[in-house]
Amino acid sequence: MSYLTKPKPHHPSLKKNAVGLTRRDYEGGMSTLCAGCGHDSITAAIVQAFWELDIPPHTVGKLSGIGCSSKTPAYFLKEAHGFNSVHGRMPSIATGANAANPDLTLIGVSGDGDSLSIGFGQLSHAIRRNVNLLYLLENNGVYGLTKGQFSASADVGSTSKRGEANLMKPIDPVLIALTLGATFVARSFSGDKEQLVELIEAGLTHKGFAFIDIISPCVTFNDHEGSTKSYAYTRKHQVEVVQADFVPLRHEITTEYEPGAVKEVVMHDHSVLRLHKVDANYDPTDRDRAYAMVRERQEANEVATGLLYVSTGLPDMTEQNGVVPGPLHSLPFEQLCPGSEELEKLQARFR
Amino acid sequence: MQRTNVATPDYYHRVVDCQWACPAHTDVPEYIRLIAQGRFDDAYMLNRKSNVFPGILGRVCDRPCEPACRRTRVDGKAVAICRLKRVAADNKEDIRDRLPAIPMEKNGKKVALIGAGPASLTVANDLMPLGYQVTIFEKGPRAGGLMRINIPAFRLPEEVLDEEIGYIVDMGVDLRCNTPVESLKALLDSEEYDAVFVGSGAPKGKELVLPGRYDSDQIFIGIEWLENIHFGHIDSVGKNVVIIGVGNTAMDCCRSAKRLGANDVKVVARKTRKYFKASPWELEDAEEEHVHIMENLSPVRFVVENGTLVGMEFEEFTSQEIDGKLVQEFKQNVTIPCDTVILAIGQENAFPWIEREIGLEFDKWDVPVVDKITYMSTREGVFFGGDAAFGPANIIWAVEHGHQAAISIHQYCMGKPITERPPQGQTLSSTKMGLHEWSYSNNYSAAARQKMVHIDLHQRFVDLSKEVELGFNAEQTWQEVQRCLNCDVQTHFTESACIECDACLDICPVDCLTITQDGEEEQVKARLKAPALNPNQGLFASGPLKQTGRIMVKDENLCLHCGLCAERCPTYAWDMRKFYLLNPHAGISFEGAEAAPAEVVAP
Ligand SMILES: Cc1cc2nc3c(=O)[nH]c(=O)nc-3n(C[C@H](O)[C@H](O)[C@H](O)COP(=O)(O)OP(=O)(O)OC[C@H]3O[C@@H](n4cnc5c(N)ncnc54)[C@H](O)[C@@H]3O)c2cc1C
Ligand SMILES: Cc1ncc(C[n+]2csc(CCOP(=O)(O)OP(=O)(O)O)c2C)c(N)n1
Ligand code: SF4
Ligand code: SF4
Ligand code: SF4
Ligand SMILES: [Mg+2]
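Protein chains in written order, with this note's numbering: chain A, 153 to 503; chain B, 2 to 604.
It should be emphasised that the hints constitute simulated quantities derived from the structure, not laboratory data.
Misleading hints may appear alongside valid ones.
[Claimed, not checked] Short derived list, chain A residues pointing at chain B, Cβ under 7 Å:
no.	residue
1	S154
2	Y155
3	L156
4	P159
5	P161
6	S165
7	G188
8	A196
9	F235
10	I245
Predicted model, so just to flag it, every value in this text is computed and none were measured.
Just so you know, even glycine gets a beta-carbon here, dropped at the ideal spot from N, CA and C.
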């Protein structure tokens, strides 16, 4: 951590976006994480993505649990709403926030410990409900905040800093998300900002539960030789299988790809997601193929990254439950509180 | 891209904009830090080493450092470098015991210096500690040159001149005042001196021969007029004064006219403000004293009626900037009524006392041919410096010429080739004190440039020599020192340590840093996180990084030297290292030096 605040002056070429803000206006407080932590790099990608999408910070809700990763919402979008929940409970808070104000753009930040151990059930049900939320799992294979114990995502044979190997099989969050029916599943790497920014933008635009597992090395407890979540290991084994090229609504499509290599997906707001596949036979809208491909790559000792699976048009949690459109806070009082007579009627239905 | 070589001093030196711009390479950020610590004596001595006259220059330097200052690019206003120099000079205690010791035993070499301006005084300052016997011949009654007789005392008080010139003369210089050299040939023929240095300045004010020029005695040449005021020969002026020209001399003339009792003073320029030679602060100071500055007027004739000057006629122009060029068109003739005209349109060299047949070549403009590195003329053993060398410049250039000429004279007298010059060197030392602690103050201060306080207008005109600027007080000094960005504390990169975590790129407030594929410089430039806007600032390129073979690129242009890149770097690949320029002077060489020499003031 640094004691200074980041100096105000910025590069004169910094542009303002459609809502009149520069990228620097999307920053938050100074990070207190270890120097070089992958999580900080993800924070920078989040800042970039929100700026590029012209999202006014005050229309955003940032949510998290407990862990180094879960501390990071403090470091971006200082003007957004935020909720730092107890360990593993971020999905419940997000669900509540989504119900109370479906207009908020929600971003949840969690870790492998927060999501795959104590909060495993919470994550599963948020996926199942298709809560309209971008869920980032900052995956470093350890509990960073509590000093580097193996987490549930640690690979078999991966060693701790002291040298002992992990023996338990890992939980792969991407396979879990695919299995539970998530509508947007991606994997990325904190050290690949180009890819990450596109994915975050696509995820923010996706209606429903968008899940990105991001390998995010813990420089302090899990960046040694023997770790399978280090910068060096990830760089060597990362294979981008589907490159997402997110084209927001107001932009023109400019990049040209060979026919067959691209699959276009139209998002609910009519922006376009162009998925550039390394393997022309791969179909990122086919859940079973996605699952199989991730497994194949794993067998080959590779980390498949990119937008692995997406399906649009499924109802999200608010639609499934017929939640009142718009934020509760702007409902007229009579509608928000229809009186004791209405309550009586409602209760009568359950008698 | 070519991997940047930071082992020679030029790369990091250029990053220190002020020091690079200063002809004498004054270590500005280091002296500002010393002032911040209240170490005024140390700050003064550090200055003196390169610029010799900190008290004088802290008031009247032309300040090439300030427009160069990085802070100008960051928040529009340079650090008040010059004013801070004065703070060191004004607040120091007695530093005499820290002046270089003069050997009792001389080295047997005698050097004659012609003229006692800043150029010659610098040569004396550098050669006396080496055991030379130095004689200065000065035409006038006292040493100082134009600094004394032309720069008015309300800008540069006599006491300051006396003190700093005294430090040099008191080294045992044989100063012969009222002794003009009337024949260089005679001086050389006497064979009394092993080397001769000509520092006689550019003493001739330019004429403006137009109808009426010689019909009135109320038309003066600026530098002569100022000199006459200095010597008390002139103590009044007319009521309506017109000054032709807008250089330094014009500024001193108009303000002097105000003090001698003129009511209405107009400074008239041919071009527009953008093209004025006077510094912006000089223009401001004159305007504060209600001097009227007029543009687009070209003199046609002096209007003299019955032997009395009654006005000056001009052609008036309209001006337009077209493609960055000034295009002027004639509008009409106008006459400005006045009773005095002062011509301040420039100076020229004049060497009536140098014979043309002594092997000292003059060029087609009748200016001596002088080597730009050694400062020797075509006559062996005769050196030039200051305004005498390449025409009128300023004090700090005269000082640097003096330093370089002294190096040559020393080589020459020791029988070594004068083209063999001691090279510059550098030392770099880490400022790291703890995980996030540095031995310099890396926090950015948003304070605005402090404004110099002037004495009241009515007080100014009471006494011709009343100093106008009060100098910074303690609070102003404290605010101003913090504005310095410490550009000498360099971001030093060790590529083998970098794990490409991006932390430095993400934290940098001004987007200096990029990690990208290697390629031709133009390709790499196109991929920078933010465009490189300043061709005068370096682009650092590392060699290939370990994990991906990409390279680290840094655009030095806007770096705040905040050290955040180094604080966020997990592997110490970035470090903040204090750069110290080892700048040789006569008899002080750093060849083979590994660490800063003992006389260097520690950071
Ligand atoms: C009005 C005015 C204002 C200025 N203001 C500034 C300013 O604010 N800041 C700045 O940096 N610069 C200023 N300058 C410029 C600066 O003063 C000169 O560039 C500088 O003094 C040059 O130094 P020098 O040593 O070359 O010669 P000078 O200072 O000109 O000294 C030359 C000396 O040689 C003597 N001399 C000449 N011929 C002979 C001879 N034959 N024998 C013996 N002695 C001789 C002269 O009497 C004089 O004392 C100003 C100049 C003028 C005219
Ligand atoms: C209820 C509860 N149980 C245990 C903890 C202790 N604890 C704090 S953070 C953490 C794990 C965090 O790991 P992860 O989510 O991977 O975050 P990282 O620090 O690695 O980013 C644990 C177990 C806690 N804070 N609260
Ligand atoms: S302990 Fe690990 S995860 Fe936590 S801040 Fe440090 S590097 Fe990041
Ligand atoms: S010191 Fe480092 S972080 Fe600060 S401005 Fe310079 S390059 Fe950027
Ligand atoms: S912070 Fe250090 S290790 Fe990380 S990219 Fe920058 S220089 Fe390399
Ligand atoms: Mg973790």
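Quick rundown of the hints versus the structure:
Interface hint status for S154(A): upheld, as the beta-carbon distance to the closest one in chain B is roughly 5 Å, under 7 Å. Against a cut-off of 7 Å between C-beta atoms, the interface hint on Y155(A) holds, since the closest Cβ of chain B lies about 6 Å away. Hint on L156(A) holds. Least Cβ distance to chain B is approximately 5 Å, under the 7 Å limit. Evaluation of the P159(A) hint against chain B yields a held restraint, the C-beta minimum of about 4 Å falling below 7 Å.
For P161(A), the interface hint holds, the least distance from its beta-carbon to any beta-carbon of chain B being 5 Å, beneath 7 Å. Hint status for S165(A): holds, given a least beta-carbon distance of 5 Å to chain B, under 7 Å. Hint status for G188(A): holds, given a least beta-carbon distance of 3 Å to chain B, under 7 Å. Annotation: interface hint on A196(A) holds; nearest CB of chain B at approximately 4 Å, less than 7 Å.
For F235(A), the interface hint is violated, the least distance from its beta-carbon to any beta-carbon of chain B being 25 Å, above 7 Å. With 7 Å as the threshold, the beta carbon of I245(A) stays out of range of chain B, its nearest partner Cβ sitting at about 27 Å, so the hint is violated.
Comparing the model with each numbered hint stated earlier shows that hints 9 and 10 do not hold.
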